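Chemist: Chain by chain, the residues run as shown.
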Amino acid sequence: MGVPQAVNELGAYMWELEKNRYQDDKVHMITSVKATLNFTKNIFLVGQAGLDYDNTTYKNEKSVDRVLPTIAGGSFSVAKENATVQTYQALLNYDKGFLGDNLHLFAFAGGIYRLRTSEYLGSTTVGGLTYPDWYSFANEVGPPSADNLYLLRNYNRGSDVLYSAVASATISWKNELYLDLQARKDWNSTLPPENNTYFYPGTSITWNYTERFHIPKMNRGQLRLAWADVGNGTTRYFANNLYTFTRLPGTDAVSVQPPANILPGSLKPERKREFEVGINNSFFRNNRVVLDVSFYRNNIYNQIMNLAISPSSSSNALKINAGNVRNWGVELAITGTPILTKNLRLDITVNGARQGSKVVKLYPGITQNFLYNLINGSAAAVRADQGRPYGEIVMTDYQRDDAGNRLVNENGLYGLNSQRYIEVANIMPKLYGGILSDLHYKSFDLRIGLDYKSGGTVFSYTNNRMFGLGQLESTLKYRDEEHGGLAYYIDANNKKVAWQHNQAAPAGAVGGKVYHDGVVLDGVKMDDTGKYVKNDIIASASDYYLSYVNDLASSFPPDGLFKNNYVKVREIALAYTLPQSVAQRLRLQKLTVNLAGRNLFYIYKSIPNIDVESTLGADVYVENTVYPGQRTYSLGLTVAF
Amino acid sequence: MKKLLLYIIIAATGISACKKDLEDRYYNQDQLRGGTSDIVPGLFTQLITTNKIFVQDYGEWFYLLSGGTSITGYEQVTNRYISYRYDWFSTYNDLTSGNGFDDYPITSQAYFESSYTRLKNWETIKGELDKRSGQDKQDAELYFKLATLVKLYQSAKLVDLFNSIPYFNAFEGGSGSTDHYFPAYDNPKEIYTSIIADLGELVNTLGAAYDQTSELGKSTFRTQDVAFKGDINKWIAFANATRLKLLVRISGVDEAYAKPLITETLTKPLPTQDLTWQLWYKIDPTGGGFWLRGLYETTYAAFIPNIIMKRMNYGDLTYNEGIDDPRLPVLALPTKYNDYRGISYNIDAQTPIYDGGDTYYPYADDITSSLGQNAKSMYNHATFQQNANMPVYMFSLAELDLLLAEIAQKGLAATGKTAGEHIKDAVVHSVDFWYMINQLSVYERGTADSVLYPAKPAANVISAWGDKISAKFNTAADLDGKMEILMQQKYIHLNLLHPYELWAELRRTRHPKLEPFTWRGSVWKPMPERVRYPTAEQSANPDNFQKVADQNNLTTPIFWVPTALRSVVPYWNDYNYE
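First to last, the sequence lines map onto chains S and L. For the first sequence, the working numbering begins at 2 and goes up steadily by one. For the second sequence, the working numbering begins at 49 and goes up steadily by one.
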């Protein structure tokens with residue numbers, strides 16, 4: 002199936018590239034106007050209106066498939082899509098210093114209105130095209146009918162509106178203490194009218210304690226504390242419980258379809274309560290070391306979500322406010338300047354973030370939350386079950402005996418136990434961040450940026466499949482005598498019987514052949530009495546590898562999972578600023594030549610054979626198609642007049 | 049003061065305008081709010097017209113036929129013209145991994161899931177009914193009963209494909225309990241007997257439910273019932289015929305239970321005409337969601353296997369009235385040799401024929417090319433692929449006759465006729481049926497009418513053919529031989545129109561015997577027994593699924609396969625069969 006399939010796919014790809022045209026014409030405008038009215042020295046009103054306007058025309062021209070014996074296929078379609086965001090706000094501001102400006106107050110209050118709309122109208126020819134290469138509705142074969150009405154008229158629209166009343170005050174004492182107080186009330190049309198409003202307060206304190214105490218070698222020390230209880234709506238029409246209605250064309254009958262999901266009750270606004278504490282300290286002359294650490298913890302409660310239930314309930318999901326998900330994490334950034342001379346300066350920034358989560362409570366009576374299948378057609382799932390971390394990968398384990406040894410079947414191959422699910426890994430990374438170094442020498446600037454990540458498991462379909470198809474170097478193992486393959490022959494009962502490599506096949510061997518690609522897999526088998534004994538069944542290497550090629554089977558083995566750990570050279574950039582004299586001769590203030598490369602290479606990565614960032618489902622939890630990795634090199638000029 | 053009042057009025061107007069704005073924008077303007085109109089009749093119409101219940105589905109059919117390795121291929125109702133060029137048939141004997149027998153058309157097209165989610169209309173109508181009283185309630189009652197009939201019909205189809213399914217707690221997620229969000233899998237036999245009991249109840253009460261409907265309600269029903277135009281007697285007959293079919297199915301594993309109920313069913317109304325109905329639009333196979341599009345797009349996989357062809361075409365390869373089955377020219381398209389040739393599952397013998405230049409035109413869009421190039425017979429393009437008036441099939445007289453023949457032959461109940469007489473009825477009704485379907489088509493009228501639209505033979509010719517098959521049936525040596533003839537007729541009659549029903553009957557009766565699959569010297573006789581559950585259940589209903597996971601394979605027989613037949617692999621040993 003491999004080669005013809007590949008030729009087929011390639012043919013389809015080339016056809017698509019060569020014969021079909023997909024054109025998008027987009028107009029995007031962002032405009033805003035702002036007016037400030039100063040009532041007194043301290044009181045002023047800022048009014049602002051903004052419009053984000055986006056209009057796209059889609060035009061698709063698909064070639065006819067055949068011209069002989071009759072012209073067949075082809076289509077022409079046009080669609081127009083329009084999306085706007087209108088924002089209006091008026092904020093009354095108050096800004097005043099007291100006690101010789103040691104005490105300062107800045108406050109504002111006002112209202113915000115935001116309206117978002119979208120509209121799409123498209124039409125496609127039906128029945129193919131009369132003449133090839135003429136893309137027009139006039140060229141349609143037709144006929145338009147009730148059955149293809151969806152092609153002729155494809156329309157959808159929507160809008161949502163948000164009204165907000167906001168107030169905020171910042172009180173500061175010299176440069177030492179800042180107190181922020183915020184309050185906001187929203188009315189959100191994505192929520193049911195009876196629950197469409199929510200209030201969210203927030204406060205933060207910043208204390209620059211080095212203003213009060215002198216700490217040797219420390220230039221600045223800052224402590225931050227912040228707390229907020231944020232509210233949110235949901236996506237447009239998610240909270241609706243409406244019926245789809247159509248009239249069967251040409252009849253008097255109407256057709257009504259219920260919503261696909263269950264809405265057990267009116268949804269409430271979603272809330273997130275967050276607490277954060279952090280410090281920012283700088284040390285030594287010229288701030289050669291800067292340290293920024295923060296710790297956060299939040300609880301998302303009343304989260305609006307689809308909670309998957311069995312489709313045999315007649316619905317796919319419950320639309321609910323789900324219990325409580327707790328997240329926490331630490332973020333750290335250190336910037337240092339280890340070298341600082343007149344001509345030479347080296348800055349290094351290291352940052353990192355570590356996070357954790359736990360699903361505290363889901364919904365009364367429900368403890369399991371299926372998020373998505375790891376890969377289509379596979380039973381392996383990503384879950385957020387109650388009492389567990391968010392994003393766990395749950396898969397079927399290998400068949401095992403009571404002691405945990407892998408069990409082989411009568412063919413000597415491993416199988417999965419479809420009744421035993423195990424939590425094997427988590428898709429969320431444990432630690433990630435970057436290291437950035439900037440070297441400045443006279444007119445040269447060299448920047449090297451590294452990214453790193455630890456944890457966050459990915460299922461590599463490519464590796465799984467290439468292993469199964471014997472396309473990886475590692476699959477040379479067992480294929481012949483040199484690579485550890487065992488000798489065997491096949492007897493009249495189609496059983497593989499151990500033999501010697503250098504010995505001719507015995508009488509009765511099928512085809513008089515000795516094979517050299519045998520493997521006895523590590524593990525146990527069940528003997529005739531039902532006891533587990535050490536495996537001695539010979540399987541062929543190709544059968545062993547092929548047992549991993551099962552894209553239509555119900556599941557995938559845990560072997561395809563890899564921790565997505567890496568250290569990557571994200572960027573190397575070199576800049577040279579030409580001497581001032583040269584620039585001035587060209588009547589320029591500054592002239593810089595830049596040479597840069599991005600996405601260069603991995604110093605280390607834990608997933609073999611693929612670049613997990615250039616795949617479909619990239620860097621999330623599954624990869625199933627690898628594209629060639631993209632390295633970008635650029636040469637540029639920066640000119641300042 | 050006045051000013052203040054004015055401000056208050058402006059503010060109040062503003063606030064109320066904002067409130068209305070928020071409310072208006074909350075609702076999707078292109079959908080219908082409950083309570084604004086009577087949604088029950090529309091829910092019923094949507095339920096009977098949605099794909100995968102009565103109306104067969106494009107996507108499912110595309111994948112069903114395309115590979116040649118799914119249900120229709122293995123049961124030998126239709127397939128590709130296979131030669132070695134289709135390398136993927138090398139795993140034909142694999143019933144383990146999914147690389148041989150392929151249940152992808154069922155799993156990928158969400159047959160299991162849709163069978164429940166599309167019945168949400170039943171649950172919604174039930175909810176509406178509970179809210180009503182008086183005449184309103186009585187008017188909704190009829191729709192609820194008919195929706196229940198659809199639910200029973202579809203659930204039995206699910207059992208026939210999967211065996212255990214969620215049933216007693218299923219379909220009612222809206223009731224708000226965890227047991228209904230995650231329904232348990234039930235014993236398939238208990239499901240069947242429950243369905244049979246409920247169908248009996250419906251047969252007894254549908255008439256009364258119709259009678260209690262108001263005149264306005266009846267008028268609405270006539271409009272909304274796009275299947276039978278408000279003819280309640282057709283619905284009653286359909287319910288009773290479905291019940292009979294399930295009773296015959298279960299009779300092989302619990303005869304004592306089935307026998308009295310079959311007798312009872314025979315005293316109730318059964319179809320007196322074919323139960324089919326026209327869609328409200330002309331079918332265009334180049335677009336839309338109707339199954340004929342799937343068939344049209346996979347015309348290269350719509351050849352007639354020998355297992356069917358040999359039972360229609362006798363004597364020489366051409367069609368000769370009186371010698372050949374009268375259905376042959378309406379079901380099949382002639383070859384370029386002006387005769388009718390089926391495809392074989394002996395690939396070793398068929399490959400040289402194909403490689404020798406006996407090929408075909410792979411589409412159904414140019415009859416001249418098809419008639420000029422096809423070396424094997426496809427299903428007739430006028431009757432099938434291009435039949436703009438192909439009706440929706442629910443039940444037919446011939447299908448009933450074949451059930452009655454089995455009942456009479458096995459002594460399950462007195463039918464008033466001998467089994468042989470029922471066989472003759474089945475043949476005659478089936479010939480009528482297929483000429484009727486053929487005549488509905490308008491494809492290429494006037495181009496090759498004698499080939500696409502053969503004249504129906506005279507009644508005496510058809511009757512004589514019925515006698516011939518009946519005699520064959522009567523002279524068969526034993527029950528096994530008679531069941532073979534009966535199932536051959538079921539294959540010819542239902543063919544592409546109802547392949548899942550044929551697959552169920554093949555697995556239950558182990559007839560008709562199939563051609564072994566010969567591939568590069570290997571002779572295979574695979575017998576898939578079921579399809580696998582969707583991963584949606586493994587993911588979203590894991591605790592209940594684990595209890596049936598050990599049966600989640602392609603080889604566990606459905607409960608209605610009689611114990612004695614479970615080891616029977618219904619294949620001929622060679623290709624020289626009768």
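It is worth saying that the hints were derived from the structure and are not from the lab. Keep in mind that the hints are not guaranteed to be accurate.
Simulated crosslink set (DSS-like; lysine-lysine; CA at most 27 Å straight-line) [to be verified]: (1) 497/S - 573/L; (2) 606/S - 564/S; (3) 606/S - 431/S; (4) 186/S - 573/L.
Computed from a predicted structure; not experimentally measured.
Chemist: Kindly indicate which numbered hints from before are broken by the structure, ordering the numbers from low to high.
Modeler: Hint check: 4 fails alone, others pass.
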